[in-house]
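Please work from the sequences and hints to get the whole structure.
Protein chains: 2
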Amino acid sequence: MADTRLTRRGLLGGAAAGAAVAALPDAALARRRRRRTRRTEVVVIGAGLAGLTAARDLVRARHDVLVLEARDRVGGRTLNAPIGGGKVVEIGGQWIGPTQDRLSALARSLGIGTFKTYNTGSNIYLRRGVRTPYASDGPLGPIPPDPTGVADVAGALAELDRMAREVPLDAPWKAPKAKEWDSQTLETWKQAHTTTDAGRFLLDVSCQAVFAAEPRDLSLLFALFYIHSAGNERSPGTLERLTNTPGGAQESRFVGGSQLISIKLARKLGHRVLLDQPVRRISQDRHGVRVECDRLVVEAERAIVAMAPAMTRHIHYHPALPEQRAQLIQRYPNGSVIKCEAVYPEPFWRREGLTGQAVGDADPVRVTFDNSPPDGSPGVMLGFIEGEQARKWGSRPAAERKAAVLRSFAAYFGDRMLSPTRYIEKNWTEDRWTRGCYEGYAPPGVLLDYGPAIRRPVGRVHWAGSETSPIWNGYMEGAVRSGERVAREVRAALRGRSRRSAAA
Amino acid sequence: MADTRLTRRGLLGGAAAGAAVAALPDAALARRRRRRTRRTEVVVIGAGLAGLTAARDLVRARHDVLVLEARDRVGGRTLNAPIGGGKVVEIGGQWIGPTQDRLSALARSLGIGTFKTYNTGSNIYLRRGVRTPYASDGPLGPIPPDPTGVADVAGALAELDRMAREVPLDAPWKAPKAKEWDSQTLETWKQAHTTTDAGRFLLDVSCQAVFAAEPRDLSLLFALFYIHSAGNERSPGTLERLTNTPGGAQESRFVGGSQLISIKLARKLGHRVLLDQPVRRISQDRHGVRVECDRLVVEAERAIVAMAPAMTRHIHYHPALPEQRAQLIQRYPNGSVIKCEAVYPEPFWRREGLTGQAVGDADPVRVTFDNSPPDGSPGVMLGFIEGEQARKWGSRPAAERKAAVLRSFAAYFGDRMLSPTRYIEKNWTEDRWTRGCYEGYAPPGVLLDYGPAIRRPVGRVHWAGSETSPIWNGYMEGAVRSGERVAREVRAALRGRSRRSAAA
Numbered sequence: 001m002a003d004t005r006l007t008r009r010g011l012l013g014g015a016a017a018g019a020a021v022a023a024l025p026d027a028a029l030a031r032r033r034r035r036r037t038r039r040t041e042v043v044v045i046g047a048g049l050a051g052l053t054a055a056r057d058l059v060r061a062r063h064d065v066l067v068l069e070a071r072d073r074v075g076g077r078t079l080n081a082p083i084g085g086g087k088v089v090e091i092g093g094q095w096i097g098p099t100q101d102r103l104s105a106l107a108r109s110l111g112i113g114t115f116k117t118y119n120t121g122s123n124i125y126l127r128r129g130v131r132t133p134y135a136s137d138g139p140l141g142p143i144p145p146d147p148t149g150v151a152d153v154a155g156a157l158a159e160l161d162r163m164a165r166e167v168p169l170d171a172p173w174k175a176p177k178a179k180e181w182d183s184q185t186l187e188t189w190k191q192a193h194t195t196t197d198a199g200r201f202l203l204d205v206s207c208q209a210v211f212a213a214e215p216r217d218l219s220l221l222f223a224l225f226y227i228h229s230a231g232n233e234r235s236p237g238t239l240e241r242l243t244n245t246p247g248g249a250q251e252s253r254f255v256g257g258s259q260l261i262s263i264k265l266a267r268k269l270g271h272r273v274l275l276d277q278p279v280r281r282i283s284q285d286r287h288g289v290r291v292e293c294d295r296l297v298v299e300a301e302r303a304i305v306a307m308a309p310a311m312t313r314h315i316h317y318h319p320a321l322p323e324q325r326a327q328l329i330q331r332y333p334n335g336s337v338i339k340c341e342a343v344y345p346e347p348f349w350r351r352e353g354l355t356g357q358a359v360g361d362a363d364p365v366r367v368t369f370d371n372s373p374p375d376g377s378p379g380v381m382l383g384f385i386e387g388e389q390a391r392k393w394g395s396r397p398a399a400e401r402k403a404a405v406l407r408s409f410a411a412y413f414g415d416r417m418l419s420p421t422r423y424i425e426k427n428w429t430e431d432r433w434t435r436g437c438y439e440g441y442a443p444p445g446v447l448l449d450y451g452p453a454i455r456r457p458v459g460r461v462h463w464a465g466s467e468t469s470p471i472w473n474g475y476m477e478g479a480v481r482s483g484e485r486v487a488r489e490v491r492a493a494l495r496g497r498s499r500r501s502a503a504a
Numbered sequence: 001m002a003d004t005r006l007t008r009r010g011l012l013g014g015a016a017a018g019a020a021v022a023a024l025p026d027a028a029l030a031r032r033r034r035r036r037t038r039r040t041e042v043v044v045i046g047a048g049l050a051g052l053t054a055a056r057d058l059v060r061a062r063h064d065v066l067v068l069e070a071r072d073r074v075g076g077r078t079l080n081a082p083i084g085g086g087k088v089v090e091i092g093g094q095w096i097g098p099t100q101d102r103l104s105a106l107a108r109s110l111g112i113g114t115f116k117t118y119n120t121g122s123n124i125y126l127r128r129g130v131r132t133p134y135a136s137d138g139p140l141g142p143i144p145p146d147p148t149g150v151a152d153v154a155g156a157l158a159e160l161d162r163m164a165r166e167v168p169l170d171a172p173w174k175a176p177k178a179k180e181w182d183s184q185t186l187e188t189w190k191q192a193h194t195t196t197d198a199g200r201f202l203l204d205v206s207c208q209a210v211f212a213a214e215p216r217d218l219s220l221l222f223a224l225f226y227i228h229s230a231g232n233e234r235s236p237g238t239l240e241r242l243t244n245t246p247g248g249a250q251e252s253r254f255v256g257g258s259q260l261i262s263i264k265l266a267r268k269l270g271h272r273v274l275l276d277q278p279v280r281r282i283s284q285d286r287h288g289v290r291v292e293c294d295r296l297v298v299e300a301e302r303a304i305v306a307m308a309p310a311m312t313r314h315i316h317y318h319p320a321l322p323e324q325r326a327q328l329i330q331r332y333p334n335g336s337v338i339k340c341e342a343v344y345p346e347p348f349w350r351r352e353g354l355t356g357q358a359v360g361d362a363d364p365v366r367v368t369f370d371n372s373p374p375d376g377s378p379g380v381m382l383g384f385i386e387g388e389q390a391r392k393w394g395s396r397p398a399a400e401r402k403a404a405v406l407r408s409f410a411a412y413f414g415d416r417m418l419s420p421t422r423y424i425e426k427n428w429t430e431d432r433w434t435r436g437c438y439e440g441y442a443p444p445g446v447l448l449d450y451g452p453a454i455r456r457p458v459g460r461v462h463w464a465g466s467e468t469s470p471i472w473n474g475y476m477e478g479a480v481r482s483g484e485r486v487a488r489e490v491r492a493a494l495r496g497r498s499r500r501s502a503a504a
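Just so you know, the protein sequences line up as chains A and B, in that order.
Residue numbers for the first sequence follow the numbering used here, beginning at 1 and rising by one.
Residue numbers for the second sequence follow the numbering used here, beginning at 1 and rising by one.
Any given hint might turn out to be false.
No copy labels: a pair is met if it fits in one copy or bridges any two.
[As the list claims (entries may be wrong)] Below, in silico cross-link-like pairs of lysine-lysine (DSSO-like), each with a Cα-Cα straight-line distance of 27 Å or less:
1) 268 / 177
2) 174 / 268
3) 116 / 177
4) 116 / 87
5) 392 / 174
6) 116 / 179
7) 392 / 402
8) 268 / 87
9) 392 / 177
10) 179 / 392
11) 268 / 179
12) 264 / 402
13) 87 / 174
14) 392 / 116
15) 116 / 264
16) 174 / 264
If you are wondering where the hints come from, they were derived from the structure by calculation, not from laboratory data.
Here it is, written out as structure tokens:
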């Protein structure tokens, strides 16, 4: 079954990250051994983009840093998978688009180039058995011009964009209509503001593709915040930018795969990054913070927890978390997505004048992309199983799911899709250190009563991760920005300490 | 500050439960010591009503059982507080009403009597400064006959009751309109089906009082299921039964306080109940289950986790939980409530012809009860801070909160309420082993995609707790029923094993 399940042993060998600690089969056994104690200034928990960016900035500012990572690899929700010949495809977050300035600068600084997502020719729209090619550079971007639904969905998208701009990015709960919008689901709004079956289907697919959740799962206020957040300070986000390939969040890809950013960051941090160190407990008092793993204790002045909010619940805190934070992280679930990729000798859809992008109801895959390497060889077709479909298909046998995905691909691009040379999938809900992607989202009522707790420090513990970012929330860009922000936050706290000791 | 915060050292001394393990100040220190290993047939995690009922039933069926409790007391979300003279008031769940048959039978079997909640005279309704007494036995029970809102709210309640009966208690996600109802919040439904400000206020208060959450937090489908569940097999639940005193869920109280049920159950179980044993890890394979605390390891054939779903996330599972369960417990938050009680020399409102029950907008307390002991001495006024109010007031200084609560009491019952002889409160969100009451609830979309995981066993691990009960979900009755159900489930599994070994 080597083709159906990627093992989690990533690209990053022990030597690459300088992590000398071997994986142990049984954490319980390990806990019985004596634990080492190490001291540092700042301990970072989580070696995804947020944690590694924070560590880089702190090291640059000449602080002592240790990064603890639960997995046997770095990169968090980014993950490269080998497809032979030294090439990789991403089975986690992968794209970069306009206004994602900090991610772009980070990649550039590491010598990692980008290339455009393949977008030449027509996209495919398949609905109720009717397969329609459409121009990939149409006015709605990847949203197909369904004759019965296009006006409906275009009107809805425009209205969502307009409302989104009323949501303050640093405090969505202060929007003039925050209470009204956080009291309903996106589904409720959809039912009231669309009229056609096709329009509703297209809005559903947009929601599933952006949030890996259903419109019924999301607070309308959260969805609007998220749309607004998909831009930088000069160019506010729109739903079109979230869903677009050219000019949008799927515009470009990284040469060598997006995980390479984290791998290179980790190489620079060297011995400061420790893998296979799940954190069990964080305690703090006025002297410092103490972070306990099974075989290691780190004592520091400050801790940065760079994880999705829902996952921060797996750590025990002493003293107990303040109640707003404690209840927030009961209420900020992760989305549901299985990323599926099939490898073919060549991307033969290109010769048929197709981009490889499809939108349709050939479940379980409703959205596809050409995910071939930069040189177009081999051909890689990428499909997402998202939201309800992911929840339904995640527990089915792998072979059954693979067959269903290939049938979806065949419905969009023909029967040649049924015979890939390789099939790779990653169910992020199944991953015990992630438990869902793309990101944490807020159901109704959460932003209103718990919003401020998302990045408010708890004593010496600071929070990072893409979910804490007012800009490109939920994206790699948001993760990088959160890392930069938390590094500034911690540096200010450490400077405060220096001033206090100087005054004493 | 002995009057403002109840310490968690409960009524149950070490001798009472036979728990000989002393509390340790630092779990980290404790973990370094060598852990004892004990073997049993069934290990129960959580010594609330669900876990203790399950243990009792299994012991009766001659199984070996150990019960592990994280706290230094039994009773879970029930908790007695002394008020002097050997008397107590409850600062957790406390009432019993008609159709709560299993709780009633359990209390009777333990020799614990009940008495009627004080309900003689008039209730108080206070809205926008106008204070109106009204008959406590009116047609809407505790819901005040607000002249502008009563027809509105009565219509809405009747419609909710009618819809509730369409929700199958054992599978709410199979209701004919499950998708429509789980796609919206109770708030959305309220906005569409009420027309008056007063009617909406009364529906808000009902929701806050029943769920300790706001209408915007709840899935309409979940709210309907919960209403339907407030009855037994012969008499389906209604919102009126949930909110009523006579004939409803607040009808009667337990002599000696509701926690006495758990205390007496634990006494019977004796040395089988171990306090101060927070479970960190549950691992299982085909031979058995292994439950790890800081100083103790229990090996058993089956484990019962009798905790609110959200709290089961604090345990690490090996192998990792199946994905539907893993994502369910990211999405099933606990409500928010602070229970506040003020003690007076006598219940002087009784002499004024008042029941002590009030409903009104004198925030933070919107609902009150006379909670005096059976003999009416001393007088105890009980007020709830619920939902949004609890989230707002929980983090304020205790003295400020106490003053605000007493001002609420005074607005309902006069200035004598400002000078109690004692003040007791319990913020269940702050309690690290509870993190919210009264119960876990489902936001939109959760029942539809995750509902079946609420009580589906995971290998050798079985789930109990009131949230798993189709009957009186969220109440003590539901907890007892879940304990009885899980004991049957585990006994069947153990019988299966015996048959297999006999056949081998």
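Find the hints from earlier in the document that the structure breaks and name them by number, from lowest to highest. 1, 2, 3, 6, 11, 12, 13, 14 and 16
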